[in-house]
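Trainee: For reference, the chains in residue letters:
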Amino acid sequence: MRKVAIVGIGLTKVGRHFDKGLRELFYEAAVRAIEDAGCPEIEAIIVGNMCSSSLCDQDSLGALLADYCGLCGRAAFKVEAACGSGGVALLTGYMAVASGLYDYVLVGGVEKLTEATTREVTYALAKAADADYELFYGTSFTALNALIMRYYMRKYNVTREDMALWPVKMHENAMKCPHAQFHKRITVDDVLKSPLIADPIRVLDCAPISDGAAAVVLCPLEEARRVSDAVVEVAGIACSTDYMYLAQRPDIASFTATVKAAERAYRMAKVEPRDVDVAEVHDAFSVLGFIDIEDLGFSRRGEAVKLLKEGVFDPGGKPSVNPSGGLKARGHPVGATGVYQVAEVALQLMEKAGSMQVPSPEIGLVQSIGGVGTTVTVAILRRVK
Amino acid sequence: MRTRVGVGIHGWGVYIPRYRIKVEEIARIWGYDVNYYVKSLMLKEKAVAGIDEDVATIAVEAAKNALKRASIEGSKVGAVYVGTESKPYAVKPTATIVAEAIGATPHVLAADIEFACKAGTEAFQICTGLVASGMVEYALAIGADTAQANPGDHLEFSAASGGAAYVLGPDDSRAVASIEGSVSYVTDTPDFWRRELSPYPKHAEAFTGDPAYFRHVVNAARELMSQLGLRASDFNYVVFHQPNGAFPLRAAAMLGIPKEKVLPGLLAPEIGNTYAASSLLGLAAVLDVAKPGERILVVSYGSGAGSDAISLIVKDGIEERKNLAPTVRDYVNDKTYIDYGLYARFRRIIRYVR
Amino acid sequence: MASVPRYWRNIPSYYRLVGSKCRGCGRTWFPPRRCCPICYSRDLELIELPTEGVLEEFTIIRTPPSGFDYYTPYVVGIVKLRDGTRVLTQVVDCDVTELKPGTEVVATFRRVREDGDFGIVMYALKFRPKR
Numbered sequence: 002m003r004k005v006a007i008v009g010i011g012l013t014k015v016g017r018h019f020d021k022g023l024r025e026l027f028y029e030a031a032v033r034a035i036e037d038a039g040c041p042e043i044e045a046i047i048v049g050n051m052c053s054s055s056l057c058d059q060d061s062l063g064a065l066l067a068d069y070c071g072l073c074g075r076a077a078f079k080v081e082a083a084c085g086s087g088g089v090a091l092l093t094g095y096m097a098v099a100s101g102l103y104d105y106v107l108v109g110g111v112e113k114l115t116e117a118t119t120r121e122v123t124y125a126l127a128k129a130a131d132a133d134y135e136l137f138y139g140t141s142f143t144a145l146n147a148l149i150m151r152y153y154m155r156k157y158n159v160t161r162e163d164m165a166l167w168p169v170k171m172h173e174n175a176m177k178c179p180h181a182q183f184h185k186r187i188t189v190d191d192v193l194k195s196p197l198i199a200d201p202i203r204v205l206d207c208a209p210i211s212d213g214a215a216a217v218v219l220c221p222l223e224e225a226r227r228v229s230d231a232v233v234e235v236a237g238i239a240c241s242t243d244y245m246y247l248a249q250r251p252d253i254a255s256f257t258a259t260v261k262a263a264e265r266a267y268r269m270a271k272v273e274p275r276d277v278d279v280a281e282v283h284d285a286f287s288v289l290g291f292i293d294i295e296d297l298g299f300s301r302r303g304e305a306v307k308l309l310k311e312g313v314f315d316p317g318g319k320p321s322v323n324p325s326g327g328l329k330a331r332g333h334p335v336g337a338t339g340v341y342q343v344a345e346v347a348l349q350l351m352e353k354a355g356s357m358q359v360p361s362p363e364i365g366l367v368q369s370i371g372g373v374g375t376t377v378t379v380a381i382l383r384r385v386k
Numbered sequence: 015m016r017t018r019v020g021v022g023i024h025g026w027g028v029y030i031p032r033y034r035i036k037v038e039e040i041a042r043i044w045g046y047d048v049n050y051y052v053k054s055l056m057l058k059e060k061a062v063a064g065i066d067e068d069v070a071t072i073a074v075e076a077a078k079n080a081l082k083r084a085s086i087e088g089s090k091v092g093a094v095y096v097g098t099e100s101k102p103y104a105v106k107p108t109a110t111i112v113a114e115a116i117g118a119t120p121h122v123l124a125a126d127i128e129f130a131c132k133a134g135t136e137a138f139q140i141c142t143g144l145v146a147s148g149m150v151e152y153a154l155a156i157g158a159d160t161a162q163a164n165p166g167d168h169l170e171f172s173a174a175s176g177g178a179a180y181v182l183g184p185d186d187s188r189a190v191a192s193i194e195g196s197v198s199y200v201t202d203t204p205d206f207w208r209r210e211l212s213p214y215p216k217h218a219e220a221f222t223g224d225p226a227y228f229r230h231v232v233n234a235a236r237e238l239m240s241q242l243g244l245r246a247s248d249f250n251y252v253v254f255h256q257p258n259g260a261f262p263l264r265a266a267a268m269l270g271i272p273k274e275k276v277l278p279g280l281l282a283p284e285i286g287n288t289y290a291a292s293s294l295l296g297l298a299a300v301l302d303v304a305k306p307g308e309r310i311l312v313v314s315y316g317s318g319a320g321s322d323a324i325s326l327i328v329k330d331g332i333e334e335r336k337n338l339a340p341t342v343r344d345y346v347n348d349k350t351y352i353d354y355g356l357y358a359r360f361r362r363i364i365r366y367v368r
Numbered sequence: 095m096a097s098v099p100r101y102w103r104n105i106p107s108y109y110r111l112v113g114s115k116c117r118g119c120g121r122t123w124f125p126p127r128r129c130c131p132i133c134y135s136r137d138l139e140l141i142e143l144p145t146e147g148v149l150e151e152f153t154i155i156r157t158p159p160s161g162f163d164y165y166t167p168y169v170v171g172i173v174k175l176r177d178g179t180r181v182l183t184q185v186v187d188c189d190v191t192e193l194k195p196g197t198e199v200v201a202t203f204r205r206v207r208e209d210g211d212f213g214i215v216m217y218a219l220k221f222r223p224k225r
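Chains as they are written, first to last, in this note's numbering: chain A, 2 to 386; chain B, 15 to 368; chain C, 95 to 225.
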């Protein structure tokens, strides 16, 4: 297998792009990434996306985007793992390059959630759960995470106020992220007074409904060394799945799929959790930030809240967690989110992250979750000197 | 009408939704004098189906309770008839939903019966005949309604939700009451009706009294007594259809039956008129307290119009069945009051654009 | 939005809580499975699961998926059945201020939703506090 590197990055601002559709949004990110990579000959386009069919009436997404980006004729297709689509898009691109099948692959993600009303989006996102046995009973995706939040709080004796620290920190981090959806500080009190969505989850515990597109160019590491001096290697990558039906899991204060994927990715990259300098984790709801930190080995079980309070995960911390503001404040264009995370961690390792740059990181981690921990991809990125 | 071979009740079960609205609350909305409803019609409050309840759900809950008392599996049931005037589908049987939910499918007769408030006892009569003929061993007769009333109509003070189910089978040692005999008294009397596609029924006001309710109820009861050679005094309990609390007592007076024999089965003051379930719920309330050897007269009334009169004799073994499922009193007492706003939402009177 | 065949083929699980039991290790599952994720046996049988249990976790949905608008707010929770099988279900007929983990619940047959004004009506077992 060949080693794989990231050589080009393109992002759009996350937010409400009422004036742009899937193709226009994706075009912006794709062209930026390709130009950033020095305009190589792209052979394949892999797109992470969840809701193009259910909210935008669009299938054949790969062909549409390839065509619109002037790449008609190339291999192009969508990969889907709900909110974890971006993670599996990276994995698919990695496989294509590592195997030697293609040299230059554009891995992108695009999502347009603001095409529909909140209830329609709630329905579309709930399809990430078991449609026949969870969504059937009216279970929203937020509701499943609310069950997890209550369970976690009870198991580790965590207060509602403690949980609110996560979004407060994320909004603070996002102040320095140019492409973030929110540039607005919030307080614990704001979180606790925001409207309930599914008790105990309130609006400010949730990642927002977002549009956005992100793209990275992958190529063989040896090739990357020739064209660029800021090279980031995908040193480890793994994906794992869990029981689809939440109630069948013995303990919902942890995502087994994160633990398994992380274990494999760390092993592949020959690193340990303590080696990670910067991480972008999947915090679609406040509670997930804490669970992610524990599942990835950055904290002992039940201690993520304590460490967060101590500032261990602040920008410059070890590791810096979500210097972008995470899903909570950078925003969560679901199928594109994983690619945003990859792009953000790669920018950090290239020391091109501008105002949100953390000091000299060498090892980065990306965690992309689809469903309630149903499909998790973990990637370890490494700066190559 | 008497069957050639004996038929008996093996199990009875009921379901009454827990929501109640007081007649004062309805009177408040429409500016009516509540005294008329409380004093003249003897109505206090009525049972209202929850937002996720309908005739199918009520029938299933009642059927399950009846099966518990009969101590038989749903798969033993050979016929399911649901009497109702408020079925969830205009076309598509409620009875198949019930049969599926209790595990009686696929070898089962199933249909919905419509005869206004008499549909429940009509189902009971059909099941009696099926068991007597030997076509099925056990048959399930259900009366259930989530009665609709035009908002502001007098009927809105009484139109209520509830259901009662009876497992009928051979009059053997496992039966808890024997069906002694029955009659039906039917004429074309248009006192109350609902045309196709109309959301609410209409009625002929005072005409629903003497030429409709009282004529049919009293004549059915008299005919049954005459056929069975019985007098009013031979019955320990009498249950009539209950459009309100007052009509059954007046019918009893016309037949020379003391009030005390009617009160144990009189539920309208507390839960309202449960339409096709009304007289069958009254019978269940009586079975909850009756002793072996006692005789019960049940007389239904359905607009349009007709009455079924049924005589039953309680048997040994009823006592040990009483506690196998919740009683009528359990359901009557388990209640939560709602205001007219919530009532309007539960009954889907509020128009909602999807 | 609503598929008639999809609803129809799941009716045994919706109406009677039909799940599966592994003949290899004895574990029970809802919804039904074809192979056991614990002992990897493919010898599973369909069984009706117990209709009583204990509420483990719950939430009150205030922003529903479309189609459930008229029912909002409603409670969704995880119930551990008498035999240990866990199910995700709605909890109805309850005072939400009194619900807590450990509340004993019993199944009740209810309407789940309807496909618009003229489409099919979908039913299933939900749970309510035992009284």
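In short, the hints are calculated from the structure, not lab data. Honestly, I wouldn't trust all of these hints.
[Said to hold, decoys possible] Keeping only pairs whose Cα atoms sit at most 25 Å apart, straight-line, the calculated SDA-like set for lysine to any residue is:
#  : chain 1 : residue 1 : chain 2 : residue 2
1  : A       : 185       : A       : 37
2  : B       : 36        : B       : 20
3  : B       : 273       : B       : 166
4  : C       : 194       : A       : 41
5  : A       : 386       : A       : 204
6  : C       : 194       : B       : 150
7  : B       : 82        : B       : 36
8  : A       : 353       : A       : 37
9  : C       : 194       : A       : 310
10 : B       : 216       : C       : 190
11 : B       : 82        : C       : 205
12 : B       : 58        : B       : 166
13 : C       : 224       : C       : 99
14 : A       : 128       : C       : 102
15 : C       : 194       : A       : 152
16 : A       : 319       : A       : 249
17 : B       : 106       : C       : 99
18 : C       : 224       : A       : 231
19 : C       : 194       : A       : 204
20 : C       : 174       : A       : 257
21 : C       : 194       : C       : 212
22 : A       : 156       : C       : 99
23 : C       : 224       : A       : 155
24 : C       : 224       : B       : 42
25 : C       : 194       : A       : 37
26 : A       : 128       : C       : 191
27 : B       : 349       : C       : 140
28 : B       : 90        : C       : 150
29 : A       : 14        : A       : 155
30 : B       : 106       : B       : 272
31 : B       : 336       : B       : 277
Trainee: Decide, hint by hint, whether the structure agrees.
Mentor: Checked hints:
no.	hint	in the structure
1	185/A <-> 37/A	violated (30 Å)
2	36/B <-> 20/B	violated (43 Å)
3	273/B <-> 166/B	violated (31 Å)
4	194/C <-> 41/A	violated (59 Å)
5	386/A <-> 204/A	violated (43 Å)
6	194/C <-> 150/B	violated (46 Å)
7	82/B <-> 36/B	violated (32 Å)
8	353/A <-> 37/A	holds (12 Å)
9	194/C <-> 310/A	violated (29 Å)
10	216/B <-> 190/C	violated (39 Å)
11	82/B <-> 205/C	holds (22 Å)
12	58/B <-> 166/B	holds (17 Å)
13	224/C <-> 99/C	violated (33 Å)
14	128/A <-> 102/C	holds (19 Å)
15	194/C <-> 152/A	holds (12 Å)
16	319/A <-> 249/A	violated (34 Å)
17	106/B <-> 99/C	holds (16 Å)
18	224/C <-> 231/A	violated (65 Å)
19	194/C <-> 204/A	holds (23 Å)
20	174/C <-> 257/A	holds (21 Å)
21	194/C <-> 212/C	violated (37 Å)
22	156/A <-> 99/C	violated (41 Å)
23	224/C <-> 155/A	holds (24 Å)
24	224/C <-> 42/B	violated (34 Å)
25	194/C <-> 37/A	violated (55 Å)
26	128/A <-> 191/C	violated (29 Å)
27	349/B <-> 140/C	violated (37 Å)
28	90/B <-> 150/C	violated (35 Å)
29	14/A <-> 155/A	violated (37 Å)
30	106/B <-> 272/B	violated (43 Å)
31	336/B <-> 277/B	holds (19 Å)
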